[in-house]
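Peer 1: Work the whole structure out from these sequences, hints included.
Top to bottom, those sequences are chains A and B. Residues in the first sequence are numbered consecutively from 1, following my numbering. Residues in the second sequence are numbered consecutively from 1, following my numbering.
If you are wondering where the hints come from, they were derived from the structure by calculation, not from laboratory data. Among the clues, some could well be false.
DEER-style ranges, computed between Cβ atoms [stated by the list, open to error]:
| no. | chain 1 | residue 1 | chain 2 | residue 2 | range |
| --- | --- | --- | --- | --- | --- |
| 1 | B | D130 | A | V57 | 45 to 51 Å |
| 2 | A | E50 | B | A196 | 38 to 44 Å |
| 3 | B | A196 | A | G65 | 44 to 50 Å |
| 4 | A | P68 | B | D36 | 38 to 44 Å |
| 5 | B | D201 | A | V70 | 36 to 42 Å |
Computed footprint of chain A on chain B; a stretch qualifies when at least three of its residues, placed anywhere within it, have a C-beta under 8 Å from a C-beta of chain A [stated by the list, open to error]:
| no. | segment |
| --- | --- |
| 6 | 3-15 |
| 7 | 180-189 |
The beta carbon of each residue, even a glycine, is placed where N, CA and C say it ideally should be.
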Amino acid sequence: MNIQEVFRSRKALTVILVLIALSPLFAYAAEAVNYSEPLENTAEEVGAEEHPVYSGVLPDYTVPGLDPYVGTLIAGLVGTFITLFLAYALSSLMAAKKGK
Amino acid sequence: MHIPDGYLDMPIAVLFYLLSAAVVGYSVYRVRGTLDEKKIPLVGMVAAGIFAAQMLNWPIPGSTSAHLVGGAIAAILLGPYLGCLAMTSVLVIQCLLFGDGGITALGANVWNMAVVNVFVAHYLYVFLRDKGLHLASFVSGWLGITAAAIFAGIEVGLSSSFKYSIGVTVPTMGIWHGLLGLLEGAITAAVILYIAKNRPDILNEEVSEE
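Peer 2: Spelled out as structure tokens, the structure:
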């Protein structure tokens with residue numbers, strides 16, 4: 001079993017890359033309509049506030065110092081591939097636990 | 001749907017860390033040794049696809065929006081235990097790398113989106129499977145996310161920052177995500193039908209048996 005297996009499914013990878021490529025466009029459009037989720041609206045209604053204690057390495061899917069749309073694109077690529085490798089590595093580990 | 005820091009009281013945050021740890025631990029136990037050569041890359045792909053899809057915030061006019069969560073897609077393609085673990089991976093990366101979802105609320109977010117969403121979606125799918133793939137995947141996507149939202153409403157509604165207004169938070173979250181969830185259901189059905197048509201071999205067989 002090796003990681004090349006993952007890259008054999010070209011179609012799935014293409015779909016994922018298209019989703020990432022669309023992310024700056026969606027970020028722009030979401031901003032244009034004042035994107036706000038029900039949880040944020042509920043918080044506003046009752047006066048609850050966020051108190052961030054940790055903002056991440058790439059806060060809010062941006063790269064500090066870079067244009068936010070370029071940042072979103074980079075954050076999308078980095079996040080997607082880290083997720084891919086993490087999920088792949090964890091499932092390989094779990095598969096190996098018994099037998100093998 | 002991702003709860004940030006500051007919304008939950010500490011006892012609630014701790015409680016949901018413990019509940020999530022129990023289910024995630026049990027899922028690892030159930031999954032260990034059952035993965036074959038075909039499942040391993042699929043887990044990576046499904047998790048990566050869900051991460052990418054969650055980045056796309058639907059620009060719905062009227063200031064109440066959402067994005068795909070994907071718990072039902074994970075449940076149907078990977079089964080509930082592996083689906084729960086794939087969703088957990090996505091949520092942990094979103095939290096640690098991007099600050100999406102508070103670090104104190106990670107337990108609650110995993111509970112809502114990797115446990116409630118995935119398991120509710122799984123059982124609905126199994127229950128409705130013989131009524132047709134369209135219906136089963138649509139309802140599983142729709143009500144899975146709605147159930148997750150209701151839990152988010154319960155967690156924040158029992159916290160002091162929300163003034164213990166559980167009578168407001170649960171209906172607000174449930175109704176809005178129940179409406180927005182129709183889109184999640186439609187996308188879930190489209191994805192599952194496409195896969196059933198083009199790659200029937202990767203639809204999780206266990207699901208129909210369990």
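Peer 1: Please write out, lowest number first, the hints stated earlier that are contradicted by the structure.
Peer 2: As far as the earlier hints go, only 7 is violated by this structure.
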